[in-house]
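Chains as they are written, first to last, in my numbering: chain A, 1 to 460; chain B, 1 to 460.
Calculated from the structure, these hints are not laboratory results.
Warning: the hint list may mix true and false statements.
Any copy, or any two copies together, can satisfy a pair, since identical chains are not distinguished.
[Unchecked claim] Computed list of lysine-lysine pairs in BS3-like fashion (alpha-carbon distance at most 25 Å, straight line):
no.: 1; residue 1: K425; residue 2: K221
no.: 2; residue 1: K166; residue 2: K149
no.: 3; residue 1: K24; residue 2: K236
no.: 4; residue 1: K149; residue 2: K188
no.: 5; residue 1: K24; residue 2: K355
no.: 6; residue 1: K129; residue 2: K147
no.: 7; residue 1: K221; residue 2: K263
Keep in mind it's a predicted model, so treat the numbers as computed, not measured.
There are 2 protein chains.
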Amino acid sequence: MTEELNKTLVEEIAELLENRKFIKLRSILDEMHAEDIALLFEDFSPKELPIIFRLLSKEAAAEVFVELDSKQQEFLIGAFSDNELKEVLEELYLDDTVDIIEEMPANVVKRILKQSAPETRRNINEILKYPDDSAGSIMTIELIDLKKKWTVSQAFDYIRRTGTDKETIYTCYVRDDNRKLEGVVSVKTLLLSPVDAIIEDIMETNLISVDTYEDKEVVAKLFDKYDLLAMPVVDKENRLVGIITIDDAIDVIQDENTEDIEKMAAITPTEKPYLKTGIFETWKSRIPWLLLLMISATFTEKIIGHFQDALSACVVLTAFIPMLMGTGGNSGSQSSVAIIRGMSLHEIDLSDTLKVLWKEIGVSLICGLTLGAAAFIKIYIFDNGNITTASQDPVKIALTVSLALFATVVFAKIAGCIFPMLAKKLRVDPAVMASPFITTVVDAISLWLYFLIAQGILKL
Amino acid sequence: MTEELNKTLVEEIAELLENRKFIKLRSILDEMHAEDIALLFEDFSPKELPIIFRLLSKEAAAEVFVELDSKQQEFLIGAFSDNELKEVLEELYLDDTVDIIEEMPANVVKRILKQSAPETRRNINEILKYPDDSAGSIMTIELIDLKKKWTVSQAFDYIRRTGTDKETIYTCYVRDDNRKLEGVVSVKTLLLSPVDAIIEDIMETNLISVDTYEDKEVVAKLFDKYDLLAMPVVDKENRLVGIITIDDAIDVIQDENTEDIEKMAAITPTEKPYLKTGIFETWKSRIPWLLLLMISATFTEKIIGHFQDALSACVVLTAFIPMLMGTGGNSGSQSSVAIIRGMSLHEIDLSDTLKVLWKEIGVSLICGLTLGAAAFIKIYIFDNGNITTASQDPVKIALTVSLALFATVVFAKIAGCIFPMLAKKLRVDPAVMASPFITTVVDAISLWLYFLIAQGILKL
Chain A
1 MTEELNKTLV EEIAELLENR KFIKLRSILD EMHAEDIALL FEDFSPKELP IIFRLLSKEA
61 AAEVFVELDS KQQEFLIGAF SDNELKEVLE ELYLDDTVDI IEEMPANVVK RILKQSAPET
121 RRNINEILKY PDDSAGSIMT IELIDLKKKW TVSQAFDYIR RTGTDKETIY TCYVRDDNRK
181 LEGVVSVKTL LLSPVDAIIE DIMETNLISV DTYEDKEVVA KLFDKYDLLA MPVVDKENRL
241 VGIITIDDAI DVIQDENTED IEKMAAITPT EKPYLKTGIF ETWKSRIPWL LLLMISATFT
301 EKIIGHFQDA LSACVVLTAF IPMLMGTGGN SGSQSSVAII RGMSLHEIDL SDTLKVLWKE
361 IGVSLICGLT LGAAAFIKIY IFDNGNITTA SQDPVKIALT VSLALFATVV FAKIAGCIFP
421 MLAKKLRVDP AVMASPFITT VVDAISLWLY FLIAQGILKL
Chain B
1 MTEELNKTLV EEIAELLENR KFIKLRSILD EMHAEDIALL FEDFSPKELP IIFRLLSKEA
61 AAEVFVELDS KQQEFLIGAF SDNELKEVLE ELYLDDTVDI IEEMPANVVK RILKQSAPET
121 RRNINEILKY PDDSAGSIMT IELIDLKKKW TVSQAFDYIR RTGTDKETIY TCYVRDDNRK
181 LEGVVSVKTL LLSPVDAIIE DIMETNLISV DTYEDKEVVA KLFDKYDLLA MPVVDKENRL
241 VGIITIDDAI DVIQDENTED IEKMAAITPT EKPYLKTGIF ETWKSRIPWL LLLMISATFT
301 EKIIGHFQDA LSACVVLTAF IPMLMGTGGN SGSQSSVAII RGMSLHEIDL SDTLKVLWKE
361 IGVSLICGLT LGAAAFIKIY IFDNGNITTA SQDPVKIALT VSLALFATVV FAKIAGCIFP
421 MLAKKLRVDP AVMASPFITT VVDAISLWLY FLIAQGILKL
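Can you make the complete structure from the sequences, with help from the hints?
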């Protein structure tokens, strides 16, 4: 719902709450989507939350609870009676319960486990065992499995009986007696088959499944590639242990994108949203790269130190150092970022290295020419005032800078495509090779080229 | 399927193709997923494609065709007889047909339209009218609509009769006599309701729908927020004209992420994948920003020009300029990128400005202190050799640099959070405010601070 709508609604609800008009309030909440009710909660004081929450139907309550942030969830659980907590837990899907538990402090976790049915508890502990980034950690075990000897109508009877508390019913699975995954059949297939057809004959047997320990990023890629709504998760013995649904896959896709973006900006990825991470935590995720890159700038210091005499002979050269390095950095990161993104979308792989290299060389040449020419004109015509202060021929200075700029851009773009490719080859995440790293390398090289060219042309 | 598997498969198929063992070949293809067959196609020569393609079943052929890139599609269409083309077109979903048409040259488009059924042709032209980024451009019109007076079993009969050529059957829609959207009912609800229940009584009436001209980015966000499988698209009169399915929404999510990443790297976004864009096209998408940022570096030139005397009096100061600007740039882009991403994930909005500002100030202070201290130690202890060449007290130089570094980091991070927020406020896309832009601003300011501090401490 739009921001504006939201505002008026908040006021209306606040008013109803104040005047304890609960029947009216409930009827409003009944009409709202869980996601929007969760948004509303942010506008109310903690002590009001339980009152609103208790007005929701059992199902709605659970749906809203899942959408709240962990602070609010923790607060509500604190306000719940054991019975209320039990009721909410009964309505939750197992994968959501696990997500919630992972965010809660130990004592709350204890209470949640205490209030959940023995079997649920076993399952929760089962899922909690899987590593954070694994398929197992995001799967749910509530799935529909059919017997292969059943007819379509038997399958539908079963789905009708058990479907209510399954997260998805549209993809059904077939296990053999050893719980090994044998096939999958969609409700679409069931609906479009004669009611007396046997599951075995209509089920899909060459299926896409993942191991419980598979990286969830791979899972997301498979969803994207095969346009799946759900994917079976199997253990080492190919026993079906759970399924992952598309909504969780989308969350993973977004997380992975955020991670790539953070790495490209020299930030150590944290799972938490920006506003939920403390100052110190943020510092920890940023300082290592800043330090590393600062130290590695020693190269540029050494280079300038080495050409000090040339510089003191023609101080005006210093004026163009920032422009040179800035343009070099930007050119380099344009290439590296484009290529890194291409790789993470599987549009580019190592077999394309030459294609990519040729393309970047081509682009860098025309970019270099354009920028070099622009720089020459700019310096010769507009910066003249600046330059004549030096005892040097302005044309030569302009020439030096634009040649250096050309060389820098070409080198930057080539480096920008080689480094990520190299990282991929060495099985390092290419994303860490993005702008900041490339910039540091390009800075050093461009300075060095600059001074060499200067010595050549200006005879320093 | 994995790279390796793929290789052996390619060889096997190549061999079967050579020895014209088509029956065996067909049986292999029957076992494969359309997406993987499409991948295979990349490994075969154009003239082999039609042969392989003709071995596929009608359904498989269409599914594979959709997955091919536009060059291959164009080639195949060229090789098709009118009848073959007609057959493929009949199997395609309308939204896929439209996607294909949008990539084809005029003469191919003509042929496609000529071979498709009159009604399909009307619908295609209908959808082609919608702007590129609109909901209408990615919707399909093949949906299941039920009459509200029907019973559940009548609905199922209808779905069984018409479901085969619908992209999704899991979300069904209810229109009144004026084709206005009245409600939505999921197959799950249908299955879990008594067979004699009336649609009207079980359908969901407060539904999430979008206008045909709504930005597809908004559509993707709604899918993500409400965990939808399909979303109805309505015209200005709230008449249901089509639906968008989750697989298309995921593609949009990925495109939007790519766009953000490109903007953050000062690249003008192009819809096409990296390897499919020509050198000149790539140049066009990169050069404007490079030029703009290069020109704006004039500020740094002017500043250095202004402090030339100070510099010539103590050339060693130059040595630290790259390190200062580099660290400043990195600090700034860390903040800006984190905040831009937060905003595009709707974790941060303008109402959080103060929270964000305080946080960045806090982070920048400890980052500044850490880096300043590190720089002091590094310069005083390790760079001594470098510095004593200057007629200056090394302690004072180290002090100058680390103070300047501290100031730079603090300023960079504050700028890094203020600029994106400002952009948002001014309804400019915050992503263009990322690293390159911020770096340019920070470069100028940090130089200026550096020289002021130097003059103060070194009495230049």
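Self-check item: Hints violated by the structure (listed by number, smallest first)
Solution: Failing hints, ascending: 3, 5, 6.
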